[in-house]
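J.: Listed below, chain by chain, are the residues.
Protein chains: 2
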Amino acid sequence: MTAEMFPKEKTIDLRKKHIGPSCKVFFSHDPIKIVRAKGQYMYDENGVRYLDCINNVAHVGHSHPMVVKAGAEQMELLNTNSRFLHDNLVQYAQRLQATLPEKLSVCYFVNSGSEANDLALRLAWEYTGHKDVITLDNAYHGHVSSLINISPYKFHQLANAEQSKSVHVALSPDLYRGNYRQDHPDPATAYADDVNNLIQKAHEKGHKVAAFIAESLQSCGGQVIPPAGYFQKVAQHVHQAGGLFIADEVQVGFGRVGTHFWAFQLQGEDFVPDIVTMGKPIGNGHPMSCVVTTREVAEAFKNSGMEYFNTFGGNPVSCAIGLAVLDVIEKEDLQGNALRVGGYLMRLLEQQKEKHPLVGDIRGRGLFVGAELVRDRVKLTPATAEAQDIIYKLKEQHILLSADGPHRNVLKFKPPMCFSEEDADMVVEKIDQILTVEVEIQKSEPF
Amino acid sequence: MTAEMFPKEKTIDLRKKHIGPSCKVFFSHDPIKIVRAKGQYMYDENGVRYLDCINNVAHVGHSHPMVVKAGAEQMELLNTNSRFLHDNLVQYAQRLQATLPEKLSVCYFVNSGSEANDLALRLAWEYTGHKDVITLDNAYHGHVSSLINISPYKFHQLANAEQSKSVHVALSPDLYRGNYRQDHPDPATAYADDVNNLIQKAHEKGHKVAAFIAESLQSCGGQVIPPAGYFQKVAQHVHQAGGLFIADEVQVGFGRVGTHFWAFQLQGEDFVPDIVTMGKPIGNGHPMSCVVTTREVAEAFKNSGMEYFNTFGGNPVSCAIGLAVLDVIEKEDLQGNALRVGGYLMRLLEQQKEKHPLVGDIRGRGLFVGAELVRDRVKLTPATAEAQDIIYKLKEQHILLSADGPHRNVLKFKPPMCFSEEDADMVVEKIDQILTVEVEIQKSEPF
Numbered sequence: 001m002t003a004e005m006f007p008k009e010k011t012i013d014l015r016k017k018h019i020g021p022s023c024k025v026f027f028s029h030d031p032i033k034i035v036r037a038k039g040q041y042m043y044d045e046n047g048v049r050y051l052d053c054i055n056n057v058a059h060v061g062h063s064h065p066m067v068v069k070a071g072a073e074q075m076e077l078l079n080t081n082s083r084f085l086h087d088n089l090v091q092y093a094q095r096l097q098a099t100l101p102e103k104l105s106v107c108y109f110v111n112s113g114s115e116a117n118d119l120a121l122r123l124a125w126e127y128t129g130h131k132d133v134i135t136l137d138n139a140y141h142g143h144v145s146s147l148i149n150i151s152p153y154k155f156h157q158l159a160n161a162e163q164s165k166s167v168h169v170a171l172s173p174d175l176y177r178g179n180y181r182q183d184h185p186d187p188a189t190a191y192a193d194d195v196n197n198l199i200q201k202a203h204e205k206g207h208k209v210a211a212f213i214a215e216s217l218q219s220c221g222g223q224v225i226p227p228a229g230y231f232q233k234v235a236q237h238v239h240q241a242g243g244l245f246i247a248d249e250v251q252v253g254f255g256r257v258g259t260h261f262w263a264f265q266l267q268g269e270d271f272v273p274d275i276v277t278m279g280k281p282i283g284n285g286h287p288m289s290c291v292v293t294t295r296e297v298a299e300a301f302k303n304s305g306m307e308y309f310n311t312f313g314g315n316p317v318s319c320a321i322g323l324a325v326l327d328v329i330e331k332e333d334l335q336g337n338a339l340r341v342g343g344y345l346m347r348l349l350e351q352q353k354e355k356h357p358l359v360g361d362i363r364g365r366g367l368f369v370g371a372e373l374v375r376d377r378v379k380l381t382p383a384t385a386e387a388q389d390i391i392y393k394l395k396e397q398h399i400l401l402s403a404d405g406p407h408r409n410v411l412k413f414k415p416p417m418c419f420s421e422e423d424a425d426m427v428v429e430k431i432d433q434i435l436t437v438e439v440e441i442q443k444s445e446p447f
Numbered sequence: 001m002t003a004e005m006f007p008k009e010k011t012i013d014l015r016k017k018h019i020g021p022s023c024k025v026f027f028s029h030d031p032i033k034i035v036r037a038k039g040q041y042m043y044d045e046n047g048v049r050y051l052d053c054i055n056n057v058a059h060v061g062h063s064h065p066m067v068v069k070a071g072a073e074q075m076e077l078l079n080t081n082s083r084f085l086h087d088n089l090v091q092y093a094q095r096l097q098a099t100l101p102e103k104l105s106v107c108y109f110v111n112s113g114s115e116a117n118d119l120a121l122r123l124a125w126e127y128t129g130h131k132d133v134i135t136l137d138n139a140y141h142g143h144v145s146s147l148i149n150i151s152p153y154k155f156h157q158l159a160n161a162e163q164s165k166s167v168h169v170a171l172s173p174d175l176y177r178g179n180y181r182q183d184h185p186d187p188a189t190a191y192a193d194d195v196n197n198l199i200q201k202a203h204e205k206g207h208k209v210a211a212f213i214a215e216s217l218q219s220c221g222g223q224v225i226p227p228a229g230y231f232q233k234v235a236q237h238v239h240q241a242g243g244l245f246i247a248d249e250v251q252v253g254f255g256r257v258g259t260h261f262w263a264f265q266l267q268g269e270d271f272v273p274d275i276v277t278m279g280k281p282i283g284n285g286h287p288m289s290c291v292v293t294t295r296e297v298a299e300a301f302k303n304s305g306m307e308y309f310n311t312f313g314g315n316p317v318s319c320a321i322g323l324a325v326l327d328v329i330e331k332e333d334l335q336g337n338a339l340r341v342g343g344y345l346m347r348l349l350e351q352q353k354e355k356h357p358l359v360g361d362i363r364g365r366g367l368f369v370g371a372e373l374v375r376d377r378v379k380l381t382p383a384t385a386e387a388q389d390i391i392y393k394l395k396e397q398h399i400l401l402s403a404d405g406p407h408r409n410v411l412k413f414k415p416p417m418c419f420s421e422e423d424a425d426m427v428v429e430k431i432d433q434i435l436t437v438e439v440e441i442q443k444s445e446p447f
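Just so you know, the protein sequences line up as chains W and F, in that order. Mapping of the first sequence onto full-length UniProt numbering: position 227 corresponds to residue 227, and the numbering continues sequentially without gaps. Mapping of the second sequence onto full-length UniProt numbering: position 427 corresponds to residue 427, and the numbering continues sequentially without gaps.
Keep in mind that a hint or two might mislead.
Below 16 angstroms or equal to it, Euclidean Cα-Cα: the simulated EDC-like pairs (lysine to aspartate or glutamate) are [stated by the list, open to error]:
no., chain 1, residue 1, chain 2, residue 2
1, F, Lys69, F, Asp327
2, F, Lys131, F, Glu204
3, W, Lys395, W, Glu350
4, F, Lys24, W, Glu299
5, F, Lys69, W, Glu76
6, F, Lys393, F, Glu354
7, W, Lys16, F, Glu307
8, W, Lys8, W, Asp44
9, F, Lys430, F, Glu396
10, F, Lys103, F, Asp270
11, W, Lys24, F, Asp13
12, W, Lys17, F, Glu296
13, W, Lys17, F, Glu299
14, F, Lys24, W, Glu307
15, W, Lys69, F, Glu76
16, F, Lys16, W, Glu296
17, F, Lys16, W, Asp432
18, F, Lys33, F, Glu396
19, F, Lys393, F, Asp30
20, F, Lys38, W, Glu76
21, F, Lys17, W, Asp389
22, F, Lys353, F, Glu429
23, F, Lys38, W, Glu73
24, W, Lys69, F, Glu73
25, F, Lys33, F, Asp44
26, F, Lys17, W, Glu102
27, F, Lys33, F, Asp13
28, F, Lys69, W, Glu73
29, F, Lys17, W, Glu296
30, W, Lys38, F, Glu73
31, W, Lys17, F, Asp30
These are calculated hints, taken from the structure and not from any lab test. In this text, all values refer to a predicted model and were calculated from it rather than measured experimentally.
Modelling step: build the complete structure from the supplied sequences, incorporating the hints.
T.: Below you can see the structure in the form of structure tokens.
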């Protein structure tokens, strides 16, 4: 099947001419043109099928017919702003709320994870009257200017990075490569104490902390799974300082972690954030997103006197699509699938770790899995070039995977939630083949 | 036709429970529930038809079949991010570029006017290395935190508003109510000199100006039409200070002004902004938006070393919808319609001005028209309550109009572009009836 308008070379030329050069393509040496997709598969202009291990946005599967139908039917009927009453808006808010702890009851609908996290900051600033924000090292929270400020993953890239004086970077609670590791008696407390130290230092300078923000599991930061109890301890310190806890679920929410609908719930029922932000998977690719908070925070924000209006946020089409995504997750038991297939994938990858010294660590929850590659299992020297090489070789075999983390050495699995055990078999088998050759290269030409 | 799931009272209750209380509804005393819309008409749950004079987002008409079809077909095929090559993206960029002066050739696709204006600031900061921004009084540029800072329309609402030291507010170039009016010999120079004064004051404090930002015609600021030549003179001052000129076309672009496709073009062919931001009408309600700039600015942004990635921005569905909107504007000559019907509407309103002392000023271009209501034509006392009253009375007669501007006394027409002369007749006739009674009230009970 061909569904292209221009030959690939022309597409590349026009892209160079008219699209901002800061907007990168995957596999820049030989980018892929995708013309259609279904489930966990994408197809290029020549009909070649790629197994998609990376598009967590296409949460319930690319072009899911129930989602497409819901969107198309509502577009035909009405698409307007939320200053008019509409049942889709309130029904959707009600359905989202039902997945969350009871006190998280008030929604704001926006268009992207960036808009959601920026609004979360505005809510925290207004509620607390404080200004400072504590963020994790290697965190990424979005592309608008307020979020670049709290995203070390981004601002470390800048030549002349000047860190805002009201932003404090806490240690990433990484048990593999971080300051406190698997062998530490109580890493949750140790990492939470680091947050508390930052709070105390901020206080010494006369600053006050509005919020601690973290992805419930760090994604770009390297598929980091914080130790159990960490969020509770951090929340205690932050609340004591009058600040709020913002859980960023943009990458990891909506059942991906398998055992729970939200990744922050992995920390236990006794933990409830003050603000939760949602994004990417929420609309299966449709531009939409949401912030949920408590009645108290919402009322404080209202009392500032400023209306909040978002032109597209919460429109009937976005809400119809959001409802359809929730329906499909339930109907197809995709959370259960994430648990089963994610577990299966982890076991396969653990076998790779036993077989190939390059595979240093396997970690994940459900269909959010990372395989960290190292040249040396003691020094943990990041195998960055090797990770890139694997990604490119997999692409040649029509499998889409990416490498991320501060050293770009973590193979990152976050496929559509309909990913199957056969898909897991296929990708791990190919990785095994590549690593087997790779190991030979390493033996003859050590790095 | 009824297409509701809940009785209206239940919708209102759920909204109170689950939607942020800062998110206002139209006609809060008796909000409207809209269940479908077509062209310039919206329908409530009882099938009552409303004439829509306000939804500039539904640019080519609510639920336009060509736009719906383009969106639905592309959703069925593929919706993914712009790290994959896709022809819709480059074709759409090419088509947009063709509407603009040649040097505005590089696009960034984002999801909302707010994301667009925030990115415009990031581009200006990076290109110039400067920090300060000059904005117009009463301006509104979006809801993310960086834009609240440059939106006096918003930050004036705050009880404890603290204006950022790097933001300077210039006089709104309002020839009716501003510092320099119709009777001034050269208001363009006078208003531009005010901008220059702000630049000089910033320099005295050791600050440097990154950008001047203005809507090409101020919308929330009160439907203000800047005098011819104003932008050229401002651009000269700003460029001399090493800053950039950002034209915000989020409300007024895409042919609405009738004579031109972009409202900044009203200033003459010798004026070209450095950055143009687009939004609302671009996707007929679909969440999408764009920033266009020069090659030089784009390269400087790239050279910062930071990738720009926007998860949903420029996805194939958004681009298909954007292309369809451009097609419909052309095919149905909606720009021509805006010119013809807008002119007709202006003439009808001018007659109202002659007839009713409350109507102080009629101003506009194409289907972007304001009628400013005053209690006294010399003192220009804003007729705020009267404007609200008219809006509510029109609503009772099933016509949707709004009042805006710093005094909320400007009746604001920005209907879908398929608005007809009959529609104009209908709304002005109703306004005439209301004003006739109003005037009687005024005679018996003067304000």
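J.: Within 16 angstroms, alpha carbon to alpha carbon, are F:Lys33 and F:Glu396?
T.: Holds, because 14 angstroms separates the two Cα atoms, which is no more than 16 angstroms.
J.: Hey, W:Lys69 versus F:Glu76, does the alpha-carbon distance stay inside 16 angstroms?
T.: Cα-Cα ~9 angstroms, so holds.
J.: Between the alpha carbons of F:Lys393 and F:Glu354, is the straight-line distance 16 angstroms or under?
T.: violated, 22 angstroms
J.: Given the hint that W:Lys17 pairs with F:Glu296, test it: the Cα-Cα distance must not exceed 16 angstroms.
T.: The hint holds at about 12 angstroms.
J.: Would the hint linking F:Lys131 and F:Glu204 be met if the CA-CA limit is 16 angstroms?
T.: holds, 15 angstroms
J.: Straight-line Cα separation of F:Lys69 and F:Asp327 no greater than 16 angstroms?
T.: With Cα atoms ~13 angstroms apart, F:Lys69 and F:Asp327 stay inside 16 angstroms; holds.
J.: For the pair supplied as a hint, W:Lys17 and F:Glu299, is the alpha-carbon distance within the 16 angstroms limit?
T.: Distance of about 12 angstroms is within 16 angstroms: holds.
J.: F:Lys24 and W:Glu307 were given as a pair; does the straight-line alpha-carbon distance stay at or below 16 angstroms?
T.: Measuring from Cα to Cα gives roughly 7 angstroms; hence the hint holds.
J.: Does the alpha-carbon distance linking F:Lys17 and W:Asp389 stay inside the 16 angstroms limit?
T.: At roughly 52 angstroms apart (the allowed maximum being 16 angstroms), W:Asp389 and F:Lys17 break the hint.
J.: Between W:Lys38 and F:Glu73, is the straight-line Cα distance small enough, at 16 angstroms or below?
T.: Measuring from Cα to Cα gives roughly 14 angstroms; hence the hint holds.
J.: Taken at face value, is the distance from the CA of W:Glu299 to the CA of F:Lys24 at most 16 angstroms?
T.: holds, 13 angstroms
J.: Regarding the pair W:Lys395 and W:Glu350, is the alpha-carbon distance no greater than 16 angstroms?
T.: violated, 22 angstroms
In this structure, the earlier hints numbered 3, 6, 11, 17, 21, 31 are contradicted, and the remaining ones agree with it.
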